[in-house]
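S.K.: Sequences and hints are given; from them, build the entire structure.
4 protein chains.
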Amino acid sequence: MPLTEDQAAEIAALRAQVAETRRATVPALEAMLYNAMPVLDHGFVRVVDYMGDDAAVVQSARVSYGRGTRKVSEDAGLIRYLMRHRHSTPFEMCEIKFHVKLPIFVARQWIRHRTANVNEYSARYSILDREFYIPAPENLAAQSSANRQGRGDVLVGDEAARVLDLLRGDAEQTYAHYAEMLNEDGADPTRQGLARELARMNLTLNTYTQWYWKIDLHNLLHFLSLRIDAHAQYEIRVYAEAMLESVKAWVPLCWEAFRDYRLGAVTFSGPMLTAVKRMLAGDAVTQPNSGMSKRDWAEFMTALGRAA
Amino acid sequence: MPLTEDQAAEIAALRAQVAETRRATVPALEAMLYNAMPVLDHGFVRVVDYMGDDAAVVQSARVSYGRGTRKVSEDAGLIRYLMRHRHSTPFEMCEIKFHVKLPIFVARQWIRHRTANVNEYSARYSILDREFYIPAPENLAAQSSANRQGRGDVLVGDEAARVLDLLRGDAEQTYAHYAEMLNEDGADPTRQGLARELARMNLTLNTYTQWYWKIDLHNLLHFLSLRIDAHAQYEIRVYAEAMLESVKAWVPLCWEAFRDYRLGAVTFSGPMLTAVKRMLAGDAVTQPNSGMSKRDWAEFMTALGRAA
Amino acid sequence: MPLTEDQAAEIAALRAQVAETRRATVPALEAMLYNAMPVLDHGFVRVVDYMGDDAAVVQSARVSYGRGTRKVSEDAGLIRYLMRHRHSTPFEMCEIKFHVKLPIFVARQWIRHRTANVNEYSARYSILDREFYIPAPENLAAQSSANRQGRGDVLVGDEAARVLDLLRGDAEQTYAHYAEMLNEDGADPTRQGLARELARMNLTLNTYTQWYWKIDLHNLLHFLSLRIDAHAQYEIRVYAEAMLESVKAWVPLCWEAFRDYRLGAVTFSGPMLTAVKRMLAGDAVTQPNSGMSKRDWAEFMTALGRAA
Amino acid sequence: MPLTEDQAAEIAALRAQVAETRRATVPALEAMLYNAMPVLDHGFVRVVDYMGDDAAVVQSARVSYGRGTRKVSEDAGLIRYLMRHRHSTPFEMCEIKFHVKLPIFVARQWIRHRTANVNEYSARYSILDREFYIPAPENLAAQSSANRQGRGDVLVGDEAARVLDLLRGDAEQTYAHYAEMLNEDGADPTRQGLARELARMNLTLNTYTQWYWKIDLHNLLHFLSLRIDAHAQYEIRVYAEAMLESVKAWVPLCWEAFRDYRLGAVTFSGPMLTAVKRMLAGDAVTQPNSGMSKRDWAEFMTALGRAA
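Protein chains in written order, with our numbering: chain X, 6 to 313; chain H, 6 to 313; chain R, 6 to 313; chain D, 6 to 313.
Mixed in with the good hints there might be a few duds.
Identical copies carry no separate label here, and so any pair may be met within one copy or between two of them.
As the list claims (entries may be wrong) - Capping the alpha-carbon separation at 25 Å, the derived lysine to any residue pairs in SDA-like fashion look like this:
| id | residue 1 | residue 2 |
| --- | --- | --- |
| 1 | K282 | L309 |
| 2 | K282 | S93 |
| 3 | K76 | S150 |
| 4 | K76 | A18 |
| 5 | K282 | S295 |
| 6 | K76 | K299 |
| 7 | K282 | S298 |
| 8 | K76 | V252 |
| 9 | K76 | D11 |
It is worth saying that the hints were derived from the structure and are not from the lab.
M.R.: Structure follows, in structure tokens:
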């Protein structure tokens, strides 16, 4: 359970406050506002604010004085056109802010997306909670033999048990030593306590941190398209999936366009497109006569749902 | 008068719609929402959306679960501390969106601030209105003789009259030819009409354009500090001044901190600081014995409110 | 001819200076360095500096201590892999700087690419040259009737002649009035001269400006992919084509990967991919039974090289 | 000693290769190129490429065809003017690329500077070296009692010994378990080995990582001004100091301007400036009659070199 009673009470108090606004408002997202969606064993994602809606995309694309909307069908058509042709600026006109709790090794991947605003909990200034990520047994994967950055089978038996013991034991021990070195509140009056900015270096990378993360819709969709992908590490993918639920509630027309033109889309290189045309014309196209490398050919076959 | 009846009606319709929200809401800014503040002869600035408030800065700086606020005095103190020490990320957690109508030569300066989202009215796709900026007589300044990018005295008499005639005449003529080349709706059935993306090149740089412009509070304050400055060109400064009114309504605590630590602040170089200390110790400091160049010395004297 | 004798002499002097360096150096790009490639009637593009080469992409992808290169074939394979899977950061490790002379209406499109460093010639501070873009007769296109931001047939006869007269006449007249209002060097001793920052507003949008523009390879390729496209306006496309020649000389392996996986590539949406699979399986797929809109279907047919 | 023999040999091989170039070249920086400057116990900074020099700043500010330089004194004057008035774009025209080896907790601070290009060694793909940062005894500081993110006295005696034992012991143990879980090369043939992307989570935050980091001069100076500051954490400050040595060699005129107008500079708020003027006029200014808060007054006294 990721939230303390105090935290849950703070969230409940916020949710109880309702004000009137002239701004674009999305009831489906209001219903989710502030609530924490659990992710991994101690993490969460929660929406803490948003700006704009589907109509705001249309409004800015048309640089209009009012809502910019005409019929729903016309708005949907414009949004699909903008998504298909990779017009990015109208989608930048919507903004969303999340509060996220996540393991440090996930935060290190995530922060590489530079086009966002971030305020992270400071372990220079404050003390981190005693919480660390331990994979569920079904996520304890072996190294893939085919892909150096991929996962293979799930570990079982003694090996799995030993890995879980090591992860849990080391996290607990390093945290206990972190607390000892800090000597907070002069627990041991004979010691001064190590500076927080130094003591934190003893923590393991599965320790949880948290941050406020604010991003526009265009860059969020880019983040999601990369991190929802099957090649993304499981531990960040689950955060992307949770955030995607917010997107569906917030901007349903943008979500449908994103699903059709980005998530479900596939890009064929010049040689791949040539091969498709030849195949449709009845040619027997093979890797050797396609001009593609073996690796490209394998990806091409996969995209067409065929055995390589 | 910058708005047509249709546009005014669209704005009025928007202002009449009120919804309930759980988001941070600022009544003083709600009161201004969508209304156009006139700038120059045909331009305007209007706030079309916003996210966050003073408390959102505090909330993200503390990475808190609720509003993050304690006493108003503590919040104000934290905001002043963040501003004084140039902490930028908490101020990035507030966002505002403007609709702006402005002459193209002003837009060309403005767009150099890259950390914003922009959707401009497309003269490739649409036809620009017949509106151009003509300076009011009191803003018709001569070239400064002291500063190559500054203004001198106001022009008067025949020279002023001639300049206004030329500006007005050329803008009207080039616009008339633009319309003729476009031949919109087949006004002259014997002609095809020049492509819009080409015809626009005949317009002068004082033609008005418009855009949606969205930016976070940190970058907005940076923009305002540069463009409200006495060295900024008058025609962009008036837009900055109009936007500053929104900031005062929106985030009054941030505004006060900005006023004290940024707008009214002065930066002294190492040699300037040394000179201040010597002067306070009773030394007779002069430009030659200060180690400063004449230019630095002049700026130093100006900062101290003394004659150079 | 875009260069004066003085400018040509400055460039020749630069080209004559040779120094020794331990940095990555590309002879094919050195041969082009500083030379102006003419674009449009008075514009140019010239490379004024560069950092890195194909091997620098490999080196940073491997975070290696030396050049990072192994066999050429392995390097090419890695670069193709990075391009295919849209890894962007290794391509950001190469940087190039251009000096560009271009019409203002082109500069206004170009500047929308925010991830670049720009220093533009200041018409607030200096006086612009008397040079403006007049399209060659074969580029004087009518408005497209099918696409609001496209071109149709080339204008001919009286209409073409009239358009060229208007463009040329207005540019010459507004420039003459600009010069008159400036009254540079007290040409007319009875007048003070209008401030440069104001006088410039009388110029038309086809007046030439110039800038230094610096960008990393990843963002340059993104710019080129958008601006080399057949839907880009001709007047910016020719600049992209000139810059592409630099890319071919500079990073030939990256260029080949870009050509195959980006320029020649096509993205199929989920429904398009489904249709391809059905067609390959022998189904008679039509727009109505494809689940695609008419617009999508038309784009799909075009991608497959079939009549819609 | 941070480099293996192989790494040193790779660097020596690179340094032995010399080519001719027409580009701006800086002999003083060439002399440092590729060499690793040691930082902390196992880290380093080394320059691996650069673009531009002092003259390139001048050249782009003037948008000139040649080097843009006139007399050295004029160039220095222009650079000082640009620095004093915070013109940022000409300094963006120089670029530098570093290879840095640094502890992960330092990397986490560093990466918050978003305006840079980064390629980090991937612990998803590769295996991290067995190297971690252990502070030298003189850097083992107690928590400051005055400043929640500062350091107090150096720890001594038993407390210091215990802290060093804990840091060293935990880092060695967690690394040993990391290696055991990886089971690289099937060291234990009965186990599959945990996926690299998971095993890395067991490492402590003082483990060393490395990256290529490329940035323009403007943003580098901003980074340095923040990280060389006395309030920056010691473990990142030493990296900033090492990089500053490159800047001095690379762009000596920019360095001098940066030293005078940024590093040695102090910003006085409006109320502080008023107080200075009153003090120079002979007023007895005190905190209560200054209108400043106690905190502001203390900072003001410190800036003037007086006891608060």
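S.K.: As a check of your reading, is K76 near D11 (CA-CA no more than 25 Å) within one copy, between copies, both or neither?
M.R.: between (46 Å within a copy, 18 Å between copies)
S.K.: Which holds for K76 with K299 at a C-alpha limit of 25 Å: within a copy, between copies, both or neither?
M.R.: between (49 Å within a copy, 18 Å between copies)
S.K.: Are the CA atoms of K282 and S295 at most 25 Å apart within a copy, between copies, both, or neither?
M.R.: both (11 Å within a copy, 18 Å between copies)
S.K.: Between copies, within a copy, both or neither: which fits K76 and A18 at Cα up to 25 Å?
M.R.: Result: close only across copies, 17 Å inter versus 38 Å intra.
S.K.: My question is about K282 and S93: at a cut-off of 25 Å on alpha-carbon distance, are they close within one copy, between copies, both, or neither?
M.R.: Answer is neither: 30 Å inside a copy and 30 Å across each miss the 25 Å cutoff.
S.K.: How would you classify K76 and S150 at a CA-CA limit of 25 Å: within, between, both, or neither?
M.R.: Cα proximity of K76 and S150: across copies only (24 Å, versus 53 Å in one copy).
S.K.: Check K282 against L309 for me: Cα-Cα at most 25 Å, and say if that holds within a copy, between copies, both or neither.
M.R.: both (13 Å within a copy, 6 Å between copies)
S.K.: Checking K76 and V252: alpha-carbon separation at most 25 Å within a copy, between copies, both or neither?
M.R.: within (22 Å within a copy, 35 Å between copies)
S.K.: Up to 25 Å between alpha-carbons, please classify K282 paired with S298: within, between, both or neither.
M.R.: Both, since 18 Å and 22 Å are each at most 25 Å.
When the structure is compared with the earlier hints, a violation turns up for hint 2 alone.
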